[in-house]
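The task is simple: from the sequences and hints, build the whole structure.
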Amino acid sequence: MTTLIAYLKARMKTVVAVCVVLLAVIAVASLLIDTHHAHTWAEQHVPFFWSWFGFAAAALIIGAARWFGRSGIQAPADAYDRTLLPCEEDA
Amino acid sequence: MTTGFLHPSAFLIAGALLLPFIRGPLRRPYLFLVPLLGLFAVLYNTTLSADNYGLMNFLDWQVVFGRVDKLSSVFALIMSLMAVVGTLYGLHVDRAGEHMAAWFYAAGSLGVIYGGDYLTLFLFWEMMAFASVFLVWFRRGPNSLAVGYRYLIIHTIGGIILLAGILLRYQATGSIVFDLLDVAHPEPFTWLIMIGFGLNAAMVPLHSWLPEAYSEASFNGAVFLCAFTTKTAVYALARACAGMEILVVLGVIMALYGVIYAVMENDIRKLLAWSIVSQVGYMVAGIGIGTDMAINGAVAHAVVHILYKSLLFMGTGSVLYMTGKTKFTELGGLHGKMPATFFFTMIGCLSISAAPFFAAYASKSMIITAGFEHHLNWAGWLLMFGATGTLMYNGLKLPYFLFFGGNRCSKATWEKAGDPPGNMLIAMTLGATLCILVGTAPGFLYALLPYPVDYTPHTVYHLMETLQLLGFAALAFFLLKRYVEPVDRICLDIDWLYRQAGRALLWLIRRPLQWCDTAWGEAYRVVGLGSLMTVSRFWSWFDWNAIDGVVDGIARGVRALGGKVRVLQSGQIQIALFYVSSLAAIVLVTFVVSQLL
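Protein sequence lines correspond, in order, to chains A and B.
For the first sequence, the numbering used here gives the first residue as 1, with consecutive numbering after it.
For the second sequence, the numbering used here gives the first residue as 1, with consecutive numbering after it.
Derived from the structure by calculation, the hints contain no laboratory data.
Do not rely on the hints blindly, as some may be mistaken.
To be verified - Listed next, the in silico BS3-like pairs over lysine-lysine satisfying Cα-Cα at most 27 Å (straight line):
{"id": "1", "chain 1": "A", "residue 1": "Lys9", "chain 2": "B", "residue 2": "Lys327"}
{"id": "2", "chain 1": "B", "residue 1": "Lys481", "chain 2": "A", "residue 2": "Lys9"}
{"id": "3", "chain 1": "B", "residue 1": "Lys481", "chain 2": "B", "residue 2": "Lys325"}
{"id": "4", "chain 1": "B", "residue 1": "Lys481", "chain 2": "A", "residue 2": "Lys13"}
{"id": "5", "chain 1": "B", "residue 1": "Lys416", "chain 2": "A", "residue 2": "Lys9"}
{"id": "6", "chain 1": "A", "residue 1": "Lys9", "chain 2": "B", "residue 2": "Lys564"}
{"id": "7", "chain 1": "B", "residue 1": "Lys416", "chain 2": "B", "residue 2": "Lys325"}
{"id": "8", "chain 1": "B", "residue 1": "Lys411", "chain 2": "B", "residue 2": "Lys327"}
{"id": "9", "chain 1": "B", "residue 1": "Lys70", "chain 2": "A", "residue 2": "Lys9"}
{"id": "10", "chain 1": "B", "residue 1": "Lys411", "chain 2": "B", "residue 2": "Lys481"}
{"id": "11", "chain 1": "B", "residue 1": "Lys481", "chain 2": "B", "residue 2": "Lys564"}
{"id": "12", "chain 1": "B", "residue 1": "Lys416", "chain 2": "B", "residue 2": "Lys327"}
Below, the structure written as structure tokens:
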């Protein structure tokens, strides 16, 4: 497996191209399948619905996590000690 | 007790108690045998007809140690299997105490699962809490002790809440039977019981103990921890609170909250712990939906979650065991150094991401479909959104930044990195095989579920939906991955509030309450003690001069008389004759004189 990974890493452009083609194939194939069992209107009528959904959800999650982290949730490793009320054991 | 039922907890508890006496070459076979006996006991119990076994009369109650039905059987099966896999993974650990804690913990979980009444449930519930904390303490890290105590305090509080609910329910209904509560008309005890269970299920905002404790546990302790507490709570919720609508909301919040924190996390095992919060959210939501399909989905997801999550904790535990590191910022690029670990971890990552033909593909979609079919579209959409997040942090971030994404290891870490011992690899092989087996042929899992299953995950639509979702989310990840690059920071959580509250309580005790206590002591010394001393001095004087005067006066009189009498007792016969004859003469003279007069 290590050899395979090394082989693929040496040909990253080809790997990326294959992945992009695969994504395109998946997206196009989604237009050909029967969607009448889908639960919602959007799934039935919006082309490439789950492709859009997957991309948008991932981007939104990355954006939300970054905003959340930058808003003060991500803190230095000693943040608890610095921000909590002091107790005698800390002294 | 009725016969025919074998309680697996009995094997585990007896095995744990005997373990310190089994040493040398017998230790490892014994370690493997005991949980295996537990598994065989569970397998045997599945052959029994659905009924209550292990009945005992205790005070006014009948306690049930062995309720056998489909719900208890499927959970017991996966828990006992997990005890085997977890023990196998840590087979080379010499500390008997660690295995004992793990077995008591597993025994507690199985006791809850087979318990048919709240008394039995509570007994084993607390056994779980008190046994599992040792799996944190055995890490022996600089923070282990404090983290363990916090874990114990939180679970003790949860236990008290649960006990309050049980007692109030007993007062209201006179029953201790552990069955479905009237969730349509919840009483205060319904809420208390649900909160007690919910705390162990890591419901937001009662979840903070989980990421903290599981990331701090020993490398093999975490494998047990990730399986038992939360999934036992899921079982308890499925048994008692199915259809409780608030659980849908709480489950969705858990699913999303866990995702956001996992995406931000720098510690590989804490990321997985956050992932538990998120994945248990799906189960809680399924229980809240409450339909047959939703309950089946929640149970199936609990089973597969134990499989893939233990596999992931085994993979990251191997990294910890071999390198001593758990932070992304101190690791990276390890695929070449730890190829087997990388391979098994990838199977876990694909399984949790619900990739086609991997474990969660067979379960997660069942819960989401149940949500849509129950016309809870908002829940269905948000759970799908969360599923994308699962791929982001667990399917992509974890393997990419741990095994690829640049080498951030120190020289010492890099040199230590390598695949772990054989028993750990065998345990991971077992876990990975089950993950693929469940994903590709879920029929045997579906046959174990509590209700008949009218669902197949292997449809073209589901396949295309999943491939689109995962493929394009992966595209977004690789385009935006610089924004989720791990940084050496911690994530503040709600536990900051209760830690702050704890510190405030400590401050309150040490400052205002201590001041009040000191002031009261001083006031007592000045006012109370002064007057008390005056009164005491008077009574002392009275005692000395009056009471003792009388007593001592009599004593002194007796002593003086005794002194005089003592003089008479010289011991010489002539003096005695002198006194006697003198006395006789006096008496005689007195008599004669009185006669003459």
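Problem set entry | Numbers of unmet hints, in rising order | The structure breaks hints 6, 9, 11; every other hint is satisfied.
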